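Student: Assemble the whole structure, with the sequences as input and the hints as a guide.
Listed below are the residues making up each chain.
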Amino acid sequence: MHELSVTSSIFEIVEKHAVNNHAKRVVAVNLEIGALSDLKNEWIQRYFDLLSAGTVAEGARLMITRVPAVFRCNQCQQLFEIISFITEELLCRQCPSEDIVMISGKEYHIKDMEAEI
Amino acid sequence: MNREIKLINIKEEILSENKGLADKIRERFEKKKVFYLNIMGSPGSGKTSLIMKTIEALGGRYRMAVIEADIDSLVDSEKVAAMGISTVQIHTGGFCHVDANMVEKAIESLPIDELDLVILENVGNLVCPAESDTGAFKNVAILSVPEGDDKPLKYPLMFSVADVLVINKLDYLHMSNYNTQRVMKRVKALNGGIHFFPLSCETSDGLAPWISWLEHEISSIRA
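Here the protein sequences line up with chains A and B, keeping their order. So the first sequence is numbered by my numbering: it starts at 310 and just counts up by one. So the second sequence is numbered by my numbering: it starts at 281 and just counts up by one.
In short, the hints are calculated from the structure, not lab data. There could be a bad hint or two in this list.
Subject to a maximum C-alpha distance of 30 Å in a straight line, what follows is the list of computed DSSO-like cross-link-like pairs (lysine-lysine) [stated by the list, open to error]: (1) K286/B / K333/A; (2) K304/B / K286/B; (3) K434/B / K420/A; (4) K420/A / K349/A; (5) K434/B / K311/B; (6) K286/B / K325/A.
Over the 10 Å line for every Cβ pair with chain B, so calculated as not near, a few chain A residues [unchecked claim]: (7) V323; (8) Q354; (9) R355; (10) E367; (11) R370; (12) M372; (13) A378; (14) Q386; (15) L388; (16) E390; (17) Q403; (18) E407.
Predicted model only: the values in this text are computed from it and were never measured. Glycine included, every Cβ here is placed at the ideal spot set by N, Cα and C.
Tutor: And the structure:
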């Protein structure tokens with residue numbers, strides 16, 4: 310259920326651009342979603358398939374790129390990625406300060422789509 | 281005949297429609313000088329209890345209303361209404377969070393011109409509400425002691441979007457290995473600007489700083 314509202318928004322944006330570009334069929338949609346999101350790719354695709362049935366976007370593949378959770382250290386400016394929030398300490402990898410700021414990982418972005426014109 | 285495949289640039293935020301609606305709600309509350317707060321947390325973390333304690337402390341001085349969101353029940357709104365506070369119930373109908381659209385409909389039945397503070401009690405979970413802007417000025421997350429101090433590790437998004445973290449049920453601390461300092465250190469690294477309020481709705485310990493923070497926010501919006 311959790312993915313449904315986000316997927317509805319994705320579908321509406323895709324449909325709008327398909328209409329504006331007089332697309333015959335949407336083949337693929339490229340999305341960038343931050344690593345902090347719990348949205349599951351499989352469920353986004355399933356809901357998209359349900360929502361897009363009978364529309365110009367039916368059958369489109371959602372290509373989801375996960376944007377890594379990157380932090381910057383406010384002391385030494387070092388950039389570092391957190392892969393597992395469960396096992397890794399939230400500390401700078403270099404200095405090791407706790408004064409850090411998240412600079413990516415919370416994205417919900419549609420980049421582009423491939424469509425038959 | 282082969283059709284041409286074209287790459288269409290989109291470059292849009294997926295949640296922009298909800299964000300646009302949320303911004304309109306914020307503007308409306310700002311114009312009316314009403315402070316609007318969104319409270320999120322797991323089922324049983326103490327969202328309703330915190331609201332009731334807040335009504336007890338501030339009900340005499342400020343005109344308040346509560347928007348109660350539940351998947352499908354009236355239990356919380358009945359408790360709040362019993363304290364003589366205007367309550368609107370949102371039934372999300374299976375949806376796991378409140379979005380700006382639901383709030384917009386709910387505030388239609390609130391006497392906004394006659395209010396100082398509106399509190400939204402979001403659906404109980406630490407995942408979905410973090411993704412949806414409700415138009416609130418401030419987002420509060422509640423994490424209670426019995427839930428365990430590892431929750432910021434498991435649900436980093438929630439703790440990175442909240443403006444305030446209330447650590448509730450401090451009265452349970454002595455029977456657990458919950459480490460409040462560890463939680464605050466972890467959350468601070470995720471979210472440098474967050475405010476912490478460790479308290480107990482049961483014993484009222486630690487409630488005063490929460491209440492003064494809220495009063496400060498209410499007066500800032502009126503200024």
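Student: Each hint: holds or not?
Tutor: Status of each hint after checking the structure:
1. K286/B / K333/A: The given pair, whose Cα atoms are some 11 Å apart, holds under the 30 Å limit.
2. K304/B / K286/B: Distance of about 36 Å is beyond 30 Å: violated.
3. K434/B / K420/A: holds (28 Å)
4. K420/A / K349/A: At roughly 18 Å apart (the allowed maximum being 30 Å), K349/A and K420/A satisfy the hint.
5. K434/B / K311/B: Not satisfied, since the Cα-Cα distance of roughly 38 Å exceeds 30 Å.
6. K286/B / K325/A: Holds, because 16 Å separates the two Cα atoms, which is no more than 30 Å.
7. V323: Check fails; 8 Å does not lie beyond 10 Å.
8. Q354: Non-interface label on Q354/A holds, nearest chain B Cβ at 15 Å vs cutoff 10 Å.
9. R355: holds (16 Å)
10. E367: holds (15 Å)
11. R370: It holds; R370/A is separated from chain B by about 13 Å at its closest Cβ, greater than 10 Å.
12. M372: holds (12 Å)
13. A378: violated (8 Å)
14. Q386: holds (15 Å)
15. L388: Correct as stated: the minimum Cβ-Cβ distance to chain B is 15 Å, above 10 Å.
16. E390: holds (13 Å)
17. Q403: holds (15 Å)
18. E407: violated (5 Å)
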